[in-house]
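Chains as they are written, first to last, in my numbering: chain A, 16 to 430; chain B, 26 to 388; chain C, -8 to 457.
Warning: the hint list may mix true and false statements.
As the list claims (entries may be wrong) - DEER-style ranges, computed between Cβ atoms: (1) Phe78/A <-> Pro386/B: 42 to 52 Å; (2) Ala51/A <-> Ile243/C: 28 to 38 Å; (3) Ala51/A <-> Lys351/C: 28 to 38 Å; (4) Gly56/A <-> Asp309/B: 57 to 67 Å; (5) Val336/A <-> Gln353/C: 38 to 48 Å; (6) Gly370/B <-> Arg105/A: 29 to 39 Å; (7) Val417/A <-> Arg158/C: 50 to 60 Å; (8) Ser15/C <-> Arg238/A: 40 to 50 Å; (9) Arg451/C <-> Ser65/A: 50 to 60 Å; (10) Ala348/C <-> Gly56/A: 25 to 35 Å.
Said to hold, decoys possible - Okay, derived cross-link-like pairs now, DMTMM-like style, lysine to aspartate or glutamate, Cα gap no bigger than 20 Å in a straight line: (11) Lys127/B <-> Asp341/B; (12) Lys247/C <-> Glu129/B; (13) Lys247/C <-> Asp84/B; (14) Lys127/B <-> Glu75/B; (15) Lys354/B <-> Asp309/B; (16) Lys127/B <-> Asp246/C.
Bear in mind the hints are in silico, worked out from the structure with no lab data behind them.
Using N, Cα and C, we set each Cβ at its ideal position, and we do this for glycine too.
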Amino acid sequence: MTTETQEPQRREVARPPFYRDVRVIRVVGQILAVVAVVGIGFWLTRNLFSNMNRLGISTSFNFLFGPTNTAIPFCDNCWVIPYQFRFDPRSPVWQMVLVGVKNTFLAAFFGIILASVMGLLVGISRLSENWLVARLATVYVEFFRNIPPLVIIIFFGAAVFTAGPFPILSESWEINFPATDNNLLIINNDKWGIPGFTSTGSLVVFWAILIIGVVVAAYVWRRRTKFFEQTGQPHHRVLWFTGVVLASLVLAYFVTGQPFDMSWPVISENRRRIDGGFIVNWGFMSIAGALGLYTASHIGEIIRGSILAVPNGQSEAANAVALSASQRYRYVVLPQATRIALPPTINQYLNLVKNTSLGTAVAYAEITSLTKTSVGNGRPAFQSFIIVMAVYLVFSLTISLVLNLVNRRMQLVSR
Amino acid sequence: MKIIKLLAAMTALMLILAACTSDDDGATATDDDGAADTTEAVDLVQGGGERLAAVIAADVVVCGVNDGLPGFGVVGADGTYSGFDVDFCRVVAAGVLGDADKVEYKPLTADVRFTALQSGDIDVLIRNTTWTATRDGQEGATFLFTVFYDGQGMMVPASTGFTTLEDLADANICVLSGTTTELNLTAVFGARGIPFTGVVFEDNSLLQPAYEAGQCEAWTSDASQLAAFKSSIEGAGGEDQFIMAEIISKEPLGPVVSDGDTEWAQAVEWSVMATVQAWEFGLDSGNIGSYSGDNPNILNFIGTDNFDPGLGLPSDFAVQIVTQVGNYKEIFDAHIPAIGLSLEGSPNNIWTDGGLMYVPPYR
Amino acid sequence: MTTTAPAPPRQTRMDWARKNLFRSWWSGLITVILVPLIVYLAYLSLRFFFVTGQWDAVRVNLTLFMQGTFPRDEQWRLISQIMIFALAFGIGLGTNSAASQDRAEDAGLDYERGSIAGTLARMWSLVAFISLLLFFASTDDLGNFINPFLVVGGGLVMAAIGYQAHRFPRRIRRVGWLLTATFLVLGFQVVSGFDAGGWLPLSIIFGGAVYGAVPVDRFDSAWLRFALRLVAIAVVVLIVQAVYRAVDSPGIGWDKWSGLHLTLMVSAIAIVLAFPLGLLLALARRSTLPALRMMATVYIEVIRGVPLITLLFMGQFILGFLLPQGTVLSAITRAIAVMTLFSAAYIAEIVRGGLQALDKGQNEAGQALGMAPPPIMRRIILPQALTAVIPAMVGQFISLFKDSSLLSIIAILEFLGVRKIIHAQPDFRSVAFAETLVFVAIGYWAFAFAMSRESQRLERRLRVTR
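Could you put together the complete structure from these sequences and hints?
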């Protein structure tokens, strides 16, 4: 087809018959494809609605406003920013969805942190000069990445908490903050408590000031970078950035009249509850821990591959200008390796977020398992899972967006 | 310019689509919807019977069961299903098809069971399913004769010394997902103002280790299940368990079929009820084949003179059921005492002995 | 002139240790900390495996783990399947190594053909897993009518027989591949049944083979060539169809499969079905037609953006409603459909990566030869791009294999799901939770590890050939 459209330039201009005309074929082909896809979609939707109507299943989203009727595990202190509510069985379903989203986010957040730290450790260990360390890292990688995450989650929950060394809640280990009666840490096989904050007033102004502070800090960062580029003097931009953020934190705290207080975890009198503080349950720790370890095996491989992918000449050049080993890593190898490693690593983060949907295996109340329970209790499945999928899509697309931004930035730097 | 072209194409597309859809509605709707209307009318008047005919044609009953419920539905090492619920699947097959082995078992989770019923994936659901108004109404399900009267109980390790629900304030309570148990728990504790934390598990293989490790103070489930796990935990050398006397809910469990086919529902229901009827008559798998008395009711029941009440079942269906599977007491004795419950004094006893097993007369 | 190389300085164990374990003070410190830790962990796991572990739950239910509720009196089907698959793998292996040998000869290089022993050594994790199974089998009466040892031995013999395919003369090398594909299909159908409707896979394989084999070069007219090929394919398809109609023996459909058998088959079926779909999606996403590109992109991004488990739930709860009233799909069929649609999106991205990585010059060279876009795609771009992405495809298969464990959440009795029902059995209701879980983990690990090793090896080889 390409040849035919080029030929008329030499011969006299004659349009081919319409069925071989590329322009026609393109338009017709696309219209046909769109019609086919839309037609199939229409047919499916029509079937869906006719079947649901036939069986008397609701096709509306009104169920979101009815009471949930079930308690959410480990949700005696269930705050969701910015809506602050205490979840109880009479709370509407949409609040349950919010709680689920929050729990999914929390598990993913801490899982990602663990996966990054572990992954870096494993990736560097695999290249270690110490034979034992390198071997151990290899065993780690081959062990974790070849077992289904679901099995690892069940395993982690069972090995660490169910069969692990921790006591039951009423016999928790309490570790005091030095020289006080306050608990720094409460540990048992059910939930762990660490110090947290409780709000004593409106936090809106506080958050607003903090956000402004972060923006200012980012501006300062850029100024310092420019300063460095122009003068060559040390920029200390991390220091500056942290300083500005901390200053705005302090400012916000006092300007808004100390809107929150330190809250220490305490075991209740009947020793069945942990009050106050920031409480995490074993389901959360199993999900974040297991997925962190699982994803770390993938990230470790990525990091190892990226370090190996930095051409040898770079290290040799660094040696030639007499950089020390740590300087060589810090200024030559790692910046280049990061550029290679970042996109696949972010992809792994995305996988981790999606894998948090397996929380049902350790009774963790993330969005998928809550929805599954709610559907089992008679809520319409289609609408419920549409919401769940939308939630994950938002997570994924956000991460994809970040990935694309990072990619673009990286590419600019490389040229 | 490009945008205009695109818009034009889109408009054309919409027009074509609109034409297609209106065609659909205009031309085929009369056929399709007409047909649908008639079948619906038939449904209402005669009760369908398609499902019964389909089952007979397929020569197999597709039965939704539980594959992990001690005493009710268990898969043995040889890959065969057994249990109280499973036996009632066999009862239906024996009654409708004359062969108790013509069952295809479909393992279902609690969450998905009604969808399986609605979509026609299974013919009958016999999976410890509690009869509730909502399920009867919203899930498009028809509940049939209750084969097992259960109630929700609460189990705690005996060493804790807990005896009432009030002792469980602030406790973690283990519960399986997608069950009425979970809703009851919330309702009862909510009504009495007892704070608690429900820990929802996927299945017993995940729940039980957590319970035994003390991650939950209590385990709530149907009393029959608790009895089963009490005996097995104690049998395996675990802690002594205590089941509270208080039963917090009514759990009538029985077969369920999809709405809209009364003939199939009748066939299933009368097959199931035949086991109780046989028990009442004193017939069991040993003696039903050789009955030689002259009680006209029993003679009708075992199909002498081809007595046919018009249920769509063969006249000897009761004989087939009882010889191949057994009467209610035989089925009960085969599975339930093994998990630690006895028939004496339970609502599952026959009405003449003070139980609730009472079936309409077969005549 | 005979000069022997100077003998390398003998490296003692001490030298080795000094170099690899105690190179610097912190390296030594780490070694000193790690050694007791490793010894302790090894002690714990060995004690669990050999002393404290109660493996009865696994041993008694070994058959249940392997084949689940598959009817025991139809077990011969599974055994035949193992035999036929072993034969197919043997033929594939033999043909592959012979093909490599051909290429090496063409390039004037030495080639040492791999051996079955070498292959087994590479797949040591699988060998270990099967040995574990045999160990359990030998210590307990499983009630099988065929001794598992015979099955494994028979499989090895079949593989060895199949491996003789490397002796095929070079000009019929393709026959080896054809036989591999044919036996894979036959092995599948020996379980699912040779009923009249099962003619399609073999028709595609034979049709494809005939398409290339018909001697049409002597005809000048493109239309005539096309017509001839069409006729040949039609004849083949009709023959296959006739044979199937004549045999028409139903088997055990996948609705009744379970256990490890289901796990393996479901992932294989889904990846095979997903491949053509993924290829189309990749081409659509790379297409210059905006509408096509947009739709493909939306599909791929949406599917990749949500977890498989939500899609599986959708499949269980909704798929039945999307089809006209009265269409009944079994739970396993719906799961396979969902896994296919899911994998297609990932395969599309893999293939797209392969297409993007290809040098632009390839396309331009094709254009310079005056080829139209479709032949360029078919003859130049796709062969290279698809070869390059084979390791990634194996990786996708591994992840699908691991993901199939999610089916246990929707009450499908695959490998992990069997564990759940074992703990409802009266004997194992309150014991051996850890043992069954460890066994399942070992099973998954053995397969995934062996496959990932193979894919790494493939990747290395591809990198070398390029």
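How the hints compare with the structure:
no. : hint                              : in the structure
1   : Phe78/A <-> Pro386/B: 42 to 52 Å  : holds, 44 Å
2   : Ala51/A <-> Ile243/C: 28 to 38 Å  : holds, 36 Å
3   : Ala51/A <-> Lys351/C: 28 to 38 Å  : holds, 31 Å
4   : Gly56/A <-> Asp309/B: 57 to 67 Å  : holds, 58 Å
5   : Val336/A <-> Gln353/C: 38 to 48 Å : holds, 40 Å
6   : Gly370/B <-> Arg105/A: 29 to 39 Å : holds, 38 Å
7   : Val417/A <-> Arg158/C: 50 to 60 Å : holds, 56 Å
8   : Ser15/C <-> Arg238/A: 40 to 50 Å  : holds, 41 Å
9   : Arg451/C <-> Ser65/A: 50 to 60 Å  : holds, 55 Å
10  : Ala348/C <-> Gly56/A: 25 to 35 Å  : holds, 33 Å
11  : Lys127/B <-> Asp341/B             : holds, 17 Å
12  : Lys247/C <-> Glu129/B             : holds, 9 Å
13  : Lys247/C <-> Asp84/B              : holds, 17 Å
14  : Lys127/B <-> Glu75/B              : holds, 19 Å
15  : Lys354/B <-> Asp309/B             : holds, 9 Å
16  : Lys127/B <-> Asp246/C             : holds, 16 Å
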